Amino acid sequence: MTDLIRYTAAETATAIASGTVSAVEVAQAHLDRIDAVDKKVNAFLHVDTEGALAAARAVDAKRAKGEELGPLAGVPLALKDVFTTEGIPTTCGSKILEGWIPPYDATLTARLKDAGVVILGKTNMDEFAMGSSTENSAFGPTGNPWDLSRIPGGSGGGSAAALAAYEAPLAIGTDTGGSIRQPGAVTGTVGVKPTYGSVSRYGLVAFSSSLDQGGPCARTVLDAALLHEAIAGHDPLDSTSIDAPVPAVVAAAKMRDIRGMRIGIVKEFAGEGYQAGVMQRFHESVELLRELGAEVVEVSCPSFTLALPAYYLIAPSEASSNLARFDAMRYGLRVGDDGTRSAEDVTALTREAGFGDEVKRRIILGTYALSSGYYDAYYGSAQKVRTLISRDFDAAFAGVDVLISPTTPTTAFPIGERADDPMAMYLADLCTIPSNLAGNAAMSLPCGLAPEDNLPVGLQIIAPAMADDRLYRVGGAVEAALNDKWGHPLLEEAPAL
Amino acid sequence: MSVISLVSYEDALASYDPVMGLEVHVELGTKTKMFCGCSTELGAEPNSQTCPTCLGLPGSLPVVNAVGVESAIKIGLALNCEIAEWCRFARKNYFYPDMPKNFQTSQYDEPIAFNGYLDVQLEDGSTFRVEIERAHMEEDTGKSSHVGGATGRIHGATHSLLDYNRAGIPLIEIVTKPIEGAGERAPEVAKAYVAELRELIRALGVSEARMDKGQMRCDVNLSLRPNGTSTFGTRSETKNVNSLRSVERAARFEIQRHATVLTDGGTIVQETRHFHEDNGTTTAGRIKDNAEDYRYFPEPDLVPIAPARTWVEELRAELPELPRVRRARLQAEWALSDKDMQSVLNAGAVELLEQTIAAGAPADQARKWWLGELARRANETGTELAEQPITPAQVARVCALVAEGKLNDKLARQVIEGVLAGEGEPDAVVEQRGLAVVSDDSALGAAVDQAIADNPDIAAKIRDGKVQAIGALVGAVMKTTRGQADAARVKDLLLAKLS
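Chain order of the listed sequences is A and B.
For the first sequence, the working numbering gives the first residue as 1, with consecutive numbering after it.
For the second sequence, the working numbering gives the first residue as 1, with consecutive numbering after it.
Hints listed in this document are in silico derivations from the structure and should not be mistaken for laboratory results.
Careful, some of the hints might be misleading.
[Said to hold, decoys possible] Just so you have them, the derived chain A footprint on chain B, three or more residues with Cβ under 8 Å:
| id | region |
| --- | --- |
| 1 | 64-78 |
| 2 | 99-111 |
| 3 | 295-306 |
| 4 | 363-376 |
[Stated by the list, open to error] Partner residues aside, some chain B positions facing chain A, computed with beta carbon under 10 Å:
| id | residue |
| --- | --- |
| 5 | 158 |
| 6 | 159 |
| 7 | 164 |
| 8 | 229 |
These numbers were taken from a predicted model, which means no experiment stands behind them.
Where a beta carbon is used, it is the ideal one built from N, C-alpha and C, also for glycine.
Build the full structure now, drawing on both the sequences and the hints.
Put into structure tokens, the structure is as follows:
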């Protein structure tokens, strides 16, 4: 039975469809695994045993009736606790939403259910997706399965750790500044931020509306592609959703041929702050791409150096408004309602008690940046930087098909190391943020272990908006070549839990 | 303020020049809310017309109501505005329990319509042009009810109830440019503007614009400056003035209040004020100084609106007959003099007349009842003419009964009184009160004989050929029959007896 948890999603779906194994057996194997290891990992905030088994039984019943099963039917999945799930708690890693049971499913949740995906539970995250380590969760940090004393990245550390700990073959993350890709990089898993607008945000509890994007997390590029196709596509309930066909990412993941593709190295993503072992694996990846027949050139995107400060104005500004609704009036935590206090006081006391430090820091930052007299200097300027970054991308993509960089400058750092140093924490997203500001697509996939600490290093691939298939074409080829070289997937080198 | 005696209106105007700004909110009559599919029907069970979006639940997102946008464009066009080629929604951030997201999705520096004007007609028949700054789209808030206090206001209440049925109902806010040069007629201009706007909105069919139902709400911003100067004074913002009459009264009161403060050497505080219908005064509400920062920024959950020019031109071509044009047409159809038409307008009776005439009444009769008896009652009770508990169809029925000879004027007045008192349809009132005209000769004969017997001198005069004296005898018969006799028939009978 232990084998079942090591199957890829594609293998699992095939086994269920062919009757080799039942969906219930697969679900139970993963629930057992969660039971066995999650006390150590803390990837899950909520495990929906009953719901998962019921969903699995439904898939088995469907198969028994001879009905056709979708490509991911019966495959278990770990859902970041930022998507609403009808009848299942959704906390966003915050005390302020503790006890709230959403009355509705996010569009993404509904699509997963329609696809027969078995949702095991909700995963841990930095509170309201604000962070790069999952230490900002109100419900305790998640450990990195490679070294439980280290961070699994963030904000989607729970989803990435669940994959690396074989608690689920698939997971969902959201990426506002790198929250899918950076956890993917530091846990040796694959994470994709699709083009902004390609996965519905309806039911995704907003951090920064113009940047947030849900996306697939998996242990293989093909599995990510299968999940990508299940969740992407136009949704009339999300006005920013793109009404166009989803790029053929599954086909692209299977191509394994990048001959003639032009690939650009972003010159600005190197130098001080980049760990030597990270750069070493990155340079080896560049050589590998050349060996595989791609043409690799260096490109310059000068305004990318302004991306981090622009991000830390735009994201907190939107967050300060998005998080205003947590006022103790309609749902979630309510503090101080003893019959003597005004609604205003109860709201203040609830927000004081319910939000963590990083959330408060960003609400204050954003409130300040939007206030009259400062708007032009801060929010307004940041939006201009955003335009400059988009232009840099446009210029770069005029000459190359995709861009590459390290996903994050370092490997997983120890829990607690950067907890009191927000600036050091923010640097983890240096290479990922430009794609959020521009709204294009990007992937992180494992490209080896850093020699100095034997921890995973991520390779980031960036494609133009609605050219998500290029990520999978390059990623699929790189993954196959590296697995050939190593003789096995990287994750097999992770220590047993 | 109420204890300090106010400077008289005339004295205020002798020294100061009022400048007004009017902000009118119109609830659109769309079937669904501005950003979700919930019903906008009034009067439903509290919180029964809500969904994740209009409750602001975590994760929910707005989707723009296309009919709302179309209505906004129609209003903009009818107000002679330019229609934006590209505009956005913005978030207006402030905390209030009845606002589910703690921001209102509104428009800020990019309204859908801007730079227009509305010509309004004053009571003397002259026209005053009110310039329009902008018309923009936004959503309504929920409704708070404060329970347990004596006043129904938040102060002293033990708890509050929130109803989010109204949250998300589409609103159009129409903002004037500063209205200058109205002088002593400023309150009249304010009232005439709101009245004209209301007619316009109704003509467009985008809202019923019932002020008594909160479908149209007016904020009156007012400041004074010394006569002959051009710099604006500090303004007060009187919120939610909810009838035409109140708009006029609020403006008038604020002119007097400002003048009183300024004459006394005081300064006007920029603040929100509440208008009190009962005594026509305003009192201070929230003081606006540091609380004013709404931190507007473009709504990232919505995409910009770029109405195609062809669509805008289609809407322009489809605009209905606008009130001014319609009024001119009706005046001609009803054959009213300018003066008579103006009196109809001043009474706010155009629609009532139109409907009464459509229900079969002659124009002069319809005008007579609405501007006479009914206007007098509206005036006495301090209510709007249209709010009188009688329908145009009922007035038309009364006119028909008169035309058929079944009622005379005096009886008709009593029938109208009965309808207003809630006694039912005109025919029912006639029957219940026994008001039918008596023209039956046998019934009248005794009264005629009695009148002749009681007034031998007059009878003699008539016999001598002084027929004009017959009025006194007719009057006597009418008296004994309590006004129910058919006067013409009475006259015939008297003449027959006395010839």
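Hints, verified against the model:
1. 64-78: violated (count 1)
2. 99-111: holds (count 4)
3. 295-306: It holds, with 7 qualifying residues against the three required.
4. 363-376: violated (count 0)
5. 158: Hint on residue 158 of chain B: holds, closest Cβ of chain A at ~8 Å, below 10 Å.
6. 159: 8 Å, holds
7. 164: Result: holds, 8 Å to nearest chain A Cβ.
8. 229: 28 Å, violated
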